[in-house]
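**Student:** As they're listed, the protein sequences go chains A and B. In this text, residue positions in the first sequence follow UniProt numbering: the first is 1, and each later residue adds one. In this text, residue positions in the second sequence follow UniProt numbering: the first is 1, and each later residue adds one.
Keep in mind that the hints were calculated from the coordinates and are not lab data. Every residue, glycine too, gets a C-beta built ideally from N, C-alpha and C. Errors might be hidden in some of the hints.
Pair by pair, the computed Cβ-Cβ distance ranges are [said to hold, decoys possible]:
| no. | chain 1 | residue 1 | chain 2 | residue 2 | range |
| --- | --- | --- | --- | --- | --- |
| 1 | A | Ala-184 | B | Pro-138 | 47 to 55 Å |
| 2 | A | Ile-304 | B | Tyr-172 | 32 to 40 Å |
| 3 | B | Arg-210 | A | Ala-172 | 53 to 61 Å |
| 4 | A | Ala-133 | B | Glu-203 | 22 to 30 Å |
| 5 | A | Ile-304 | B | Glu-158 | 34 to 42 Å |
If you only want the chain B side, here are some residues facing chain A, beta carbon under 10 Å, derived [stated by the list, open to error]:
| no. | residue |
| --- | --- |
| 6 | Arg-147 |
| 7 | Arg-152 |
| 8 | Glu-203 |
| 9 | Arg-210 |
| 10 | Asp-217 |
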Amino acid sequence: MALSHQTPEDACDTFAKLLDRNAAVRGDRPAAREKALGVWASWTWAEAREEVRALAMGLRELGLAPGDRVAVVGTNRPQLYWSMIASQCCGAQPVPLYQDSVADEMAYVLDHAEVRFAVVEDQEQVDKLLAIADRLPMLERILYLDPRGLRRYDHGRLTALSEAQAKGREHAARLEPEINAVVAAQTGAEPCVMLYTSGTTGKPKGVVLSYDNILKTSRASAAFDGLTDRDSILAYLPMAWVGDFIFSMGQAYVTGFCVACPESAETMMTDLREIGPSYFFAPPRIFETLLTSVTIRMEDAGPIKKRLFDHFIGHARRVGCAILDGRPVSTADRLWYRVGEALVYGPLKNALGMSRIRVGYTAGEAIGPEIFEFYRSLGVNLKQLYGQTEASVFITQQPDGAVRADTVGVPSPGVELRIGESGEVFYRSPGVFMEYYRNAEATAETKDAEGWVATGDAGFFEPDTGQLRIIDRAKDVGKLTSGALFAPKYVENKLKFFPDIKEAVSFGHGRDHVCAFVNIDLDSVGAWAERNNVAYASYQELAQHPRVTGKIAAQVAEANRSIASDPLLSACQVRRFLILHKELDPDDGEMTRTMKVRRRIIAERYQPLIDALYSDATEVFADVEVSYEDGRKGRISATVRIIDAETVEPAREIAA
Amino acid sequence: MNMDAQLAAHLSGGRQAGGTLLEVKNITLRFGGVEALKNISFDIREGEIRAIIGPNGAGKSSMLNVISGFYHPQEGEVWFRGEKRRPMRPHQIARQGLARTFQNIALFKGMSTLDNIMTGRLTMMRRNMLWQALWKGPAEAEEIAHREAVERIIDFLEIQHIRKKPVGALPYGLQKRVELGRALAAEPKLLLLDEPMAGMNVEEKEDMSRFILDVNDEFGTTIALIEHDMGVVMDLSDRVVVLDYGRKIGDGAPAEVRANPEVIDAYLGVAHE
Chain A
1 MALSHQTPED ACDTFAKLLD RNAAVRGDRP AAREKALGVW ASWTWAEARE EVRALAMGLR
61 ELGLAPGDRV AVVGTNRPQL YWSMIASQCC GAQPVPLYQD SVADEMAYVL DHAEVRFAVV
121 EDQEQVDKLL AIADRLPMLE RILYLDPRGL RRYDHGRLTA LSEAQAKGRE HAARLEPEIN
181 AVVAAQTGAE PCVMLYTSGT TGKPKGVVLS YDNILKTSRA SAAFDGLTDR DSILAYLPMA
241 WVGDFIFSMG QAYVTGFCVA CPESAETMMT DLREIGPSYF FAPPRIFETL LTSVTIRMED
301 AGPIKKRLFD HFIGHARRVG CAILDGRPVS TADRLWYRVG EALVYGPLKN ALGMSRIRVG
361 YTAGEAIGPE IFEFYRSLGV NLKQLYGQTE ASVFITQQPD GAVRADTVGV PSPGVELRIG
421 ESGEVFYRSP GVFMEYYRNA EATAETKDAE GWVATGDAGF FEPDTGQLRI IDRAKDVGKL
481 TSGALFAPKY VENKLKFFPD IKEAVSFGHG RDHVCAFVNI DLDSVGAWAE RNNVAYASYQ
541 ELAQHPRVTG KIAAQVAEAN RSIASDPLLS ACQVRRFLIL HKELDPDDGE MTRTMKVRRR
601 IIAERYQPLI DALYSDATEV FADVEVSYED GRKGRISATV RIIDAETVEP AREIAA
Chain B
1 MNMDAQLAAH LSGGRQAGGT LLEVKNITLR FGGVEALKNI SFDIREGEIR AIIGPNGAGK
61 SSMLNVISGF YHPQEGEVWF RGEKRRPMRP HQIARQGLAR TFQNIALFKG MSTLDNIMTG
121 RLTMMRRNML WQALWKGPAE AEEIAHREAV ERIIDFLEIQ HIRKKPVGAL PYGLQKRVEL
181 GRALAAEPKL LLLDEPMAGM NVEEKEDMSR FILDVNDEFG TTIALIEHDM GVVMDLSDRV
241 VVLDYGRKIG DGAPAEVRAN PEVIDAYLGV AHE
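Construct all of the structure, not just a fragment, from the sequences and the given hints.
**Tutor:** Right, here's the structure in full:
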């Protein structure tokens with residue numbers, strides 16, 4: 001029972017208690033949906049509780065003990081989310097893993113987290129775990145959701161989730177009181193979940209977050225945007241990512257809104273359209289991909305449609321953002337915007353699955369201002385937030401009406417921020433993590449005695465708006481030989497804002513100017529090639545086509561003009577660049593699983609190319625090893641052209 | 001959805017080794033003066049994956065067409081499920097529990113994946129055209145049941161994302177998968193696959209191999225397949241028949257067949273003295 005000085009809301013300080021509350025308060029409201037066999041199946045909060053409890057009893061019967069850790073591996077499925085809460089009901093902590101990690105990466109995390117039980121989605125994941133089982137003496141039992149293909153496996157250490165639930169229900173009379181006792185004794189200060197950071201450098205670290213971290217942050221952020229149990233969300237981002245844990249678990253359980261799981265990764269767009277969520281998060285990459293596909297389809301549309309689209313999108317660009325922000329706009333423009341809404345914006349938002357979005361967020365990388373404003377001008381309330389795993393996501397976020405493409409917002413409720421002398425951003429909040437698991441040294445490096453955490457990002461507060469602006473990773477910010485500041489990610493983002501450029505990696509620390517590698521976007525450039533009769537057989541060939549290099553060179557020049565306009569960073573203009581002969585790939589270790597470039601590894605792998613960029617060469621022979629999806633190795637080689645980019649002259653004087 | 005239901009589905013069906021499902025005895029097939037098949041005999045056991053291999057023009061597809069009832073051999077008998085087969089039209093044979101895919105994809109290009117697979121259920125639809133035209137009532141209930149069966153296949157083959165796309169616009173590997181789906185929709189006892197991996201890249205071949213093994217494993221469907229890729233055949237099949245110029249030159253486990261000198265000659269084209 002709640003103590004008198006606590007509100008009943010605060011008494012629910014764990015997921016198990018929140019589940020009980022939701023089942024009692026809104027038992028017949030939908031808790032989860034999943035598209036299976038072409039139909040959306042849903043579970044109410046009461047049904048979800050029954051499933052979770054049955055699984056919790058089953059896990060306990062199988063021997064899961066308080067203090068254990070349970071790995072959860074798979075795509076977003078309601079049963080996998082429930083298995084996390086079921087583990088917590090047994091006093092254990094879930095450790096969700098990236099489902100696309102290769103077996104070796106998984107082995108490290110499973111071993112480091114001393115995982116005893118693993119709940120996995122299907123045969124693919126079972127195979128991976130069995131392949132590394134020899135190295136994991138702690139791993140006792142693997143539970144699987146989808147039995148397909150597993151019939152003939154040795155079931156010595158394998159159990160179907162449904163079988164575990166059946167076992168739990170069978171012995172409910174004995175197990176239920178035991179689970180109830182564990183749940184009642186849990187407090188908010190206990191560890192809730194362990195999330196491994198993808199690690200742009202070194203081995204991944206296990207971030208331990210408490211119930212208080214997750215739930216206090218969830219409550220504050222849900223209140224910030226006025227989320228209620230009438231909202232809905234599509235859970236499609238990796239379960240191992242802290243954002244998904246906050247959105248699909250924390251905020252969902254705190255407010256009681258419904259979490260829908262897509263049918264498969266490929267059907268995400270269709271499912272998004274069918275569900276029409278009111279609350280949506282996507283990394284910039286997704287918004288870019290969507291906009292690219294819209295642009296490509298409009299290029300192929302008939303002339304009337306195309307003109308209609310161009311006209312009203314132009315109108316939206318002029319007044320759409322102002323209308324969304326509630327700034328003054330003339331009545332004529334407002335009326336015309338209404339017409340546009342009926343003819344273009346409404347149908348377009350419907351096709352994108354964004355008709356009902358009330359609050360949308362993007363974070364993780366900088367988003368192109370063009371892209372950001374495109375969505376906002378259509379009336380989609382897209383905002384930015386800044387966060388990290390160690391903060392239980394929220395550090396800063398943008399309030400409605402004060403949204404900008406180049407800032408990340410004001411401190412979230414309950415978060416204190418300060419900028420260190422080196423320009424590094426520090427924060428302190430109720431969401432600050434407990435520790436890095438079995439790594440006291442790293443914990444001490446990141447979090448000081450007063451609870452201030454170093455973000456590792458360099459940034460500053462904009463004087464007039466009070467919003468935070470992030471420049472780059474603090475350790476990545478370097479200096480050119482001239483002494484001018486070099487912010488690689490800033491440069492890369494300027495380049496990546498062009499739809500034709502998918503990835504960019506820039507170099508310049510300790511050099512006298514900046515050079516860059518570029519990956520073209522095959523969808524965008526491919527569509528252009530088709531329209532312009534440019535024949536190509538492969539990515540490699542298209543990337544080196546003279547007309548493509550010319551097109552990219554023009555875009556680099558354009559980016560340079562934009563970089564030159566910022567006096568602090570104008571020396572960062574790209575002098576020479578090349579288009580890589582292969583796409584950067586996490587399987588080759590060139591990117592993290594969350595698709596961030598690993599600059600150091602790339603620099604090592606492509607050393608000869610960097611040398612050539614800083615020489616007078618006009619082309620270079622490139623040859624690298626690549627890993628295929630099945631684990632085999634091969635080599636890709638090609639002659640790559642080096643292109644001199646146009647720079648803006650006065651920039652150098654300002655920099656000097 | 002209940003997790004128990006999934007478990008129940010998982011425990012029913014499944015692969016069992018069994019008796020003879022189909023037997024061909026002394027088949028000879030002639031087109032005018034050309035003898036496409038000469039006195040061929042072999043059997044297919046329940047639950048196995050049986051491969052028919054051979055160089056170009058060996059008579060593999062002819063053999064499959066005899067089994068599927070498309071060709072009527074001049075001599076010999078086909079025994080299916082313990083009964084000698086009398087001459088029948090292909091759709092009658094389909095009703096007996098036999099389904100196939102084609103070497104050159106034979107789908108309805110303008111129709112969606114869903115509709116194409118639905119056509120595979122045609123032999124199982126009981127309501128006549130009048131009922132279907134009325135739509136409400138029994139025909140509707142029947143269609144819902146069939147749709148669910150089709151959705152299970154779509155889920156099984158992992159083609160949810162192309163459910164509503166016209167198949168003509170799909171890449172080749174996916175079209176092959178849709179064709180497999182249509183054959184599966186007929187819930188066959190014996191599934192005939194005519195070069196399921198022809199023209200596929202390595203990744204598509206791996207996917208298709210996985211699906212063939214899973215069909216065999218999950219539904220207990222007996223499979224007879226024609227294939228060129230020896231690696232695939234050796235990995236997938238339980239037993240292999242080798243044809244060359246319309247004659248049977250080998251029959252047995254993959255390892256046995258591979259060691260057979262006559263088979264090696266036929267494949268590598270060694271000169272005979």
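**Student:** Each hint needs a verdict: does it hold in this structure or not?
**Tutor:** Here is what the structure says about each hint:
For the pair Ala-184 (chain A) and Pro-138 (chain B), the supplied restraint of 47 to 55 Å holds, since their beta-carbon distance comes to about 54 Å. Between Ile-304 (chain A) and Tyr-172 (chain B) the C-beta distance comes to about 35 Å, which sits within the given range of 32 to 40 Å. For the pair Arg-210 (chain B) and Ala-172 (chain A), the beta carbons lie near 39 Å from each other, so the given range of 53 to 61 Å is not met. At roughly 27 Å, the beta carbons of Ala-133 (chain A) and Glu-203 (chain B) sit within the given window of 22 to 30 Å.
Hint check: Ile-304 (chain A) to Glu-158 (chain B), Cβ distance near 39 Å, so the stated range 34 to 42 Å holds. At a threshold of 10 Å, the smallest CB-CB gap from Arg-147 (chain B) to chain A is about 8 Å, leaving the interface hint in force. Below 10 Å, beta-carbon pairs count as interface contacts, and Arg-152 (chain B) has one with chain A at about 6 Å; its hint therefore holds. A distance limit of 10 Å between C-beta atoms decides the matter here; for Glu-203 (chain B) the minimum to chain A is near 7 Å, and the interface restraint holds.
The beta carbon of Arg-210 (chain B) is positioned within 10 Å of a beta carbon in chain A (closest approach about 8 Å), and the interface hint is therefore held. The beta carbon of Asp-217 (chain B) is positioned within 10 Å of a beta carbon in chain A (closest approach about 6 Å), and the interface hint is therefore held.
Against the hints set out earlier in the document, a violation occurs for number 3 only.
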